[in-house]
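Chains as they are written, first to last, in the numbering used here: chain A, 1 to 329; chain B, 1 to 297.
Please keep in mind that the hints were generated in silico from the structure rather than gathered at the bench.
There could be a bad hint or two in this list.
Unchecked claim - Okay, derived cross-link-like pairs now, PhoX-like style, lysine-lysine, Cα gap no bigger than 25 Å in a straight line:
{"no.": "1", "chain 1": "B", "residue 1": "Lys-234", "chain 2": "A", "residue 2": "Lys-96"}
{"no.": "2", "chain 1": "A", "residue 1": "Lys-153", "chain 2": "B", "residue 2": "Lys-43"}
{"no.": "3", "chain 1": "A", "residue 1": "Lys-140", "chain 2": "B", "residue 2": "Lys-43"}
{"no.": "4", "chain 1": "A", "residue 1": "Lys-252", "chain 2": "A", "residue 2": "Lys-295"}
{"no.": "5", "chain 1": "B", "residue 1": "Lys-121", "chain 2": "A", "residue 2": "Lys-29"}
{"no.": "6", "chain 1": "B", "residue 1": "Lys-33", "chain 2": "A", "residue 2": "Lys-96"}
{"no.": "7", "chain 1": "A", "residue 1": "Lys-16", "chain 2": "B", "residue 2": "Lys-121"}
{"no.": "8", "chain 1": "B", "residue 1": "Lys-43", "chain 2": "A", "residue 2": "Lys-178"}
{"no.": "9", "chain 1": "A", "residue 1": "Lys-37", "chain 2": "B", "residue 2": "Lys-121"}
{"no.": "10", "chain 1": "B", "residue 1": "Lys-216", "chain 2": "A", "residue 2": "Lys-126"}
{"no.": "11", "chain 1": "A", "residue 1": "Lys-158", "chain 2": "B", "residue 2": "Lys-286"}
{"no.": "12", "chain 1": "B", "residue 1": "Lys-33", "chain 2": "A", "residue 2": "Lys-178"}
{"no.": "13", "chain 1": "A", "residue 1": "Lys-96", "chain 2": "B", "residue 2": "Lys-286"}
{"no.": "14", "chain 1": "B", "residue 1": "Lys-286", "chain 2": "A", "residue 2": "Lys-16"}
{"no.": "15", "chain 1": "A", "residue 1": "Lys-254", "chain 2": "A", "residue 2": "Lys-273"}
{"no.": "16", "chain 1": "A", "residue 1": "Lys-33", "chain 2": "B", "residue 2": "Lys-121"}
{"no.": "17", "chain 1": "A", "residue 1": "Lys-126", "chain 2": "B", "residue 2": "Lys-33"}
{"no.": "18", "chain 1": "A", "residue 1": "Lys-20", "chain 2": "B", "residue 2": "Lys-121"}
{"no.": "19", "chain 1": "A", "residue 1": "Lys-18", "chain 2": "B", "residue 2": "Lys-286"}
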Amino acid sequence: MSEPIITVKNLRKTFKLKQKQPGFWGGFKSLLKPEYKEVQAVDNISLQVNKGEVLAFIGPNGAGKSTTIKMLTGILFPSSGEVNVLGFDPATERQKLAYHIGSVFGQRSQLWYHLPPQDTFDLFSKIYELDEVAYRERLKFLVDKFEIGELLKTPVRKLSLGQRMRCEIVASLIHSPKVIFLDEPTIGLDVIAKQTIRDVIREINEKEKVTIFLTSHDAGDVEALADRTIVINHGSIVFDGATIELKQKYIKTKIVELITEDPIDKFYFEGGKVVEQEKHRVQVELDIARNSIDKLLTYATETFNIKDINIYDPPMEEIIAAIYREKNE
Amino acid sequence: MIRRWRKSLRLFIVKKMSSLATTNDSLGNVLAKKTGKYLAMAKVAAADRITYFLNIFARSATIIVRIWIFTQLYEVTYQAAGVEQVNGLAVPVIIWILMLTQSFGAASRPTAAFVISEEVKSGALTYQLGRPYSYLLFQYASHLGRYVPNTLSSIAIGIVATLLLVGTVSVSWQGLVLGLILLVFGITLDFLMNACMGLAALWVEDATPFQWIYQKAQMAFGGMVFPIALFPEKFRAVAELLPFSQCFYSAARIMVKFDAALFGRFILIQMVWVLVLGLMAVLIFKRGTRNVSINGG
Numbered sequence: 001m002s003e004p005i006i007t008v009k010n011l012r013k014t015f016k017l018k019q020k021q022p023g024f025w026g027g028f029k030s031l032l033k034p035e036y037k038e039v040q041a042v043d044n045i046s047l048q049v050n051k052g053e054v055l056a057f058i059g060p061n062g063a064g065k066s067t068t069i070k071m072l073t074g075i076l077f078p079s080s081g082e083v084n085v086l087g088f089d090p091a092t093e094r095q096k097l098a099y100h101i102g103s104v105f106g107q108r109s110q111l112w113y114h115l116p117p118q119d120t121f122d123l124f125s126k127i128y129e130l131d132e133v134a135y136r137e138r139l140k141f142l143v144d145k146f147e148i149g150e151l152l153k154t155p156v157r158k159l160s161l162g163q164r165m166r167c168e169i170v171a172s173l174i175h176s177p178k179v180i181f182l183d184e185p186t187i188g189l190d191v192i193a194k195q196t197i198r199d200v201i202r203e204i205n206e207k208e209k210v211t212i213f214l215t216s217h218d219a220g221d222v223e224a225l226a227d228r229t230i231v232i233n234h235g236s237i238v239f240d241g242a243t244i245e246l247k248q249k250y251i252k253t254k255i256v257e258l259i260t261e262d263p264i265d266k267f268y269f270e271g272g273k274v275v276e277q278e279k280h281r282v283q284v285e286l287d288i289a290r291n292s293i294d295k296l297l298t299y300a301t302e303t304f305n306i307k308d309i310n311i312y313d314p315p316m317e318e319i320i321a322a323i324y325r326e327k328n329e
Numbered sequence: 001m002i003r004r005w006r007k008s009l010r011l012f013i014v015k016k017m018s019s020l021a022t023t024n025d026s027l028g029n030v031l032a033k034k035t036g037k038y039l040a041m042a043k044v045a046a047a048d049r050i051t052y053f054l055n056i057f058a059r060s061a062t063i064i065v066r067i068w069i070f071t072q073l074y075e076v077t078y079q080a081a082g083v084e085q086v087n088g089l090a091v092p093v094i095i096w097i098l099m100l101t102q103s104f105g106a107a108s109r110p111t112a113a114f115v116i117s118e119e120v121k122s123g124a125l126t127y128q129l130g131r132p133y134s135y136l137l138f139q140y141a142s143h144l145g146r147y148v149p150n151t152l153s154s155i156a157i158g159i160v161a162t163l164l165l166v167g168t169v170s171v172s173w174q175g176l177v178l179g180l181i182l183l184v185f186g187i188t189l190d191f192l193m194n195a196c197m198g199l200a201a202l203w204v205e206d207a208t209p210f211q212w213i214y215q216k217a218q219m220a221f222g223g224m225v226f227p228i229a230l231f232p233e234k235f236r237a238v239a240e241l242l243p244f245s246q247c248f249y250s251a252a253r254i255m256v257k258f259d260a261a262l263f264g265r266f267i268l269i270q271m272v273w274v275l276v277l278g279l280m281a282v283l284i285f286k287r288g289t290r291n292v293s294i295n296g297g
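For reference, chain B alone in the conformation it holds in the complex:
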């Protein structure tokens, strides 16, 4: 009975996964081919990104200025308030969290919203829609491919600048590993919100205003300028529930100062948002493709 059930499940998955040509392949082969194409896309996007490494490096270097400003700002604020710590966080910890949040956020540029809306506007969608892959997964893989070189460059420069400005803070291996998990979910969350905004270009002529609103929301509630941990308790609770803080701040917060309970809360919030926004992106895409009209014939 179980064997028969497993066989029919296997057949169902193979049939679902393989699109015609590869129906004789084993499940392993089918899965390898399906995931292989997205991995290959991520690799090509990364290779494309590092073609102009100096550009990435120069853009990443702006983190130095931002970290310097934040250091001045928070040192003066803490001194004026006459405190060493706020909500258990000292200035060096705040600066490390800000550096990581800023680096993770800056690495997501060009945003998926920009890339998708440009494809819609330029008509490049003509080729992208005519390929045997999921358009959203293709964009996700490309985004990850661009993200990796961007973030490595940002983090490398950010670490040196922060070490010079505020020195070290003690971090734990749990914080780094679990923070990395939060980062993967966070990048996905940021991608999904951007994908929804980019796909809006299928209805509206210009989706840029959505992106501005998103960027401002990231600034206010995403921990990009004010770490959420410094917010008053009620405000903090609300901000933590919003998807904006779960993109990059939550990973940075856990990496710099590990808190198991906080990690549990963050990952749960992220999972819910990934599910909700994932469904939303798929629905928008399905609805939007019926609305496609390619610019310029």
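Chain A with its partners taken away, still in its complex shape:
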């Protein structure tokens, strides 16, 4: 039987946001009589994550993903509810928990900007009180896996986003955490950089049985990494199940964008609905139950001189709308 590592019961987080009227007098008025609006960022969620599981925690912007992660790591205090991570209450035992968890927040950096990544790694080895020999071995392993050997002595400010992100993840794994919280780890990265990161995360999960709690807007991350997915919207869980189930039940279309050398007069393909069309560009929503991407691409290359092809998943809002539709039926 799987061992639960994270248990969340009826978790809620309410923020009080100060409201400001526009303009000078509005600002003056809010100075004299401040008005606050209560925002329910996380609304009564309960979940359990088992040891070694890779869980994708997805949802649109402002759904409450990052707030949940911050409560699980002890950075934010819950308004109500219970949280247990590795036997610790993050709100009261933040420092103790910190030895056993790692986190990557894709939109923020933990590396010292003017110094090479090696300095941050060495500092973290002290912060996490690692044995010198064990640290050297661990660093060598991670440096090889993430292929950052040549970057170790380059100041962080000179690294590309992809290089920096690989170093950020190494920094989060240096102390061999039992749980890793990845908040948008591939944001802004190119396809190759994303793939490298996904491969290594997958390998670490399989070999070290590290539990991974992932949030991402990239369906590719979710498909490549997560066995289970939780979809959150307006602070509440709207789906909790196998990723394959989410994919089969709710991701029924793919968006294919074609950019051509020659003008597109007419685009017709069975199962494909033209969403946008310009002279040299067409965006088609393909019903993958009726036809395959393979066939669409064959049709496109035979009909046009293709300059570029992009394939996207439908936006998260559409997946959530499909989930709601099914619930209401």
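Could you slot chain B onto chain A? The hints should help.
Chain B alone, transformed into the frame defined by chain A:
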């Protein structure tokens, strides 16, 4: 009995100090690891600071202008008053005290208040709060790390400028050593006041006004422009009791002109303030972390 008491005390300290993983370590190892992490932070902060040594050097060089202005000002004032000394202090002594006070004060920039409030505003707190250390000690170690290269550069330039402008003054080794102790307490005091102001950003949108008030109080009562020793007696007594003069002025005063009784008074005042402000910073931090809302998700 004593042995048993010592054993339970040792176990208690080990348990308190070690956070889970290291419970089998000896007390010495635990202490070394706990202090080692803050030392490592100070070293990294110092390394980060000296990356742009020219910037530090250029900023420190402004001390030359300030010392020159002070020399002109105090020479004219003493001449106009027709005195050689005020409260036992001649112009060169005043200038040396001012140079040291200014250098110690300038070295504390960027202030801990600025660093902390920026972390709160930018959301960088997300990472800082999720680490196994005391956030306040982490900030203190980083502040000390930045302080050392700043102050060395300021003092080096300040000494050359002051020597050229007013010549030497006789100092004692007691004054230098005990002044250094006062400086350590003073830096701590300045850090604690700044930490309280920086943490205010957890409640108010912008903590900068607190920092302005603090800087002005430092100018007026911190001996940055007017050495406290020149103040009228009652005013001087009050100013000495305030924490502002105990940050940098007291160390400078004792280093340049040693006075054992004055040292005793200063260190006592500093200790009381460190205790009071230390408690205040811890309370604000504990209360503030319940108030954290990370900007930008």
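Results for each hint:
{"no.": "1", "hint": "Lys-234(B) - Lys-96(A)", "in the structure": "51 Å, violated"}
{"no.": "2", "hint": "Lys-153(A) - Lys-43(B)", "in the structure": "17 Å, holds"}
{"no.": "3", "hint": "Lys-140(A) - Lys-43(B)", "in the structure": "23 Å, holds"}
{"no.": "4", "hint": "Lys-252(A) - Lys-295(A)", "in the structure": "16 Å, holds"}
{"no.": "5", "hint": "Lys-121(B) - Lys-29(A)", "in the structure": "24 Å, holds"}
{"no.": "6", "hint": "Lys-33(B) - Lys-96(A)", "in the structure": "15 Å, holds"}
{"no.": "7", "hint": "Lys-16(A) - Lys-121(B)", "in the structure": "16 Å, holds"}
{"no.": "8", "hint": "Lys-43(B) - Lys-178(A)", "in the structure": "29 Å, violated"}
{"no.": "9", "hint": "Lys-37(A) - Lys-121(B)", "in the structure": "20 Å, holds"}
{"no.": "10", "hint": "Lys-216(B) - Lys-126(A)", "in the structure": "39 Å, violated"}
{"no.": "11", "hint": "Lys-158(A) - Lys-286(B)", "in the structure": "37 Å, violated"}
{"no.": "12", "hint": "Lys-33(B) - Lys-178(A)", "in the structure": "21 Å, holds"}
{"no.": "13", "hint": "Lys-96(A) - Lys-286(B)", "in the structure": "16 Å, holds"}
{"no.": "14", "hint": "Lys-286(B) - Lys-16(A)", "in the structure": "19 Å, holds"}
{"no.": "15", "hint": "Lys-254(A) - Lys-273(A)", "in the structure": "11 Å, holds"}
{"no.": "16", "hint": "Lys-33(A) - Lys-121(B)", "in the structure": "23 Å, holds"}
{"no.": "17", "hint": "Lys-126(A) - Lys-33(B)", "in the structure": "7 Å, holds"}
{"no.": "18", "hint": "Lys-20(A) - Lys-121(B)", "in the structure": "18 Å, holds"}
{"no.": "19", "hint": "Lys-18(A) - Lys-286(B)", "in the structure": "22 Å, holds"}
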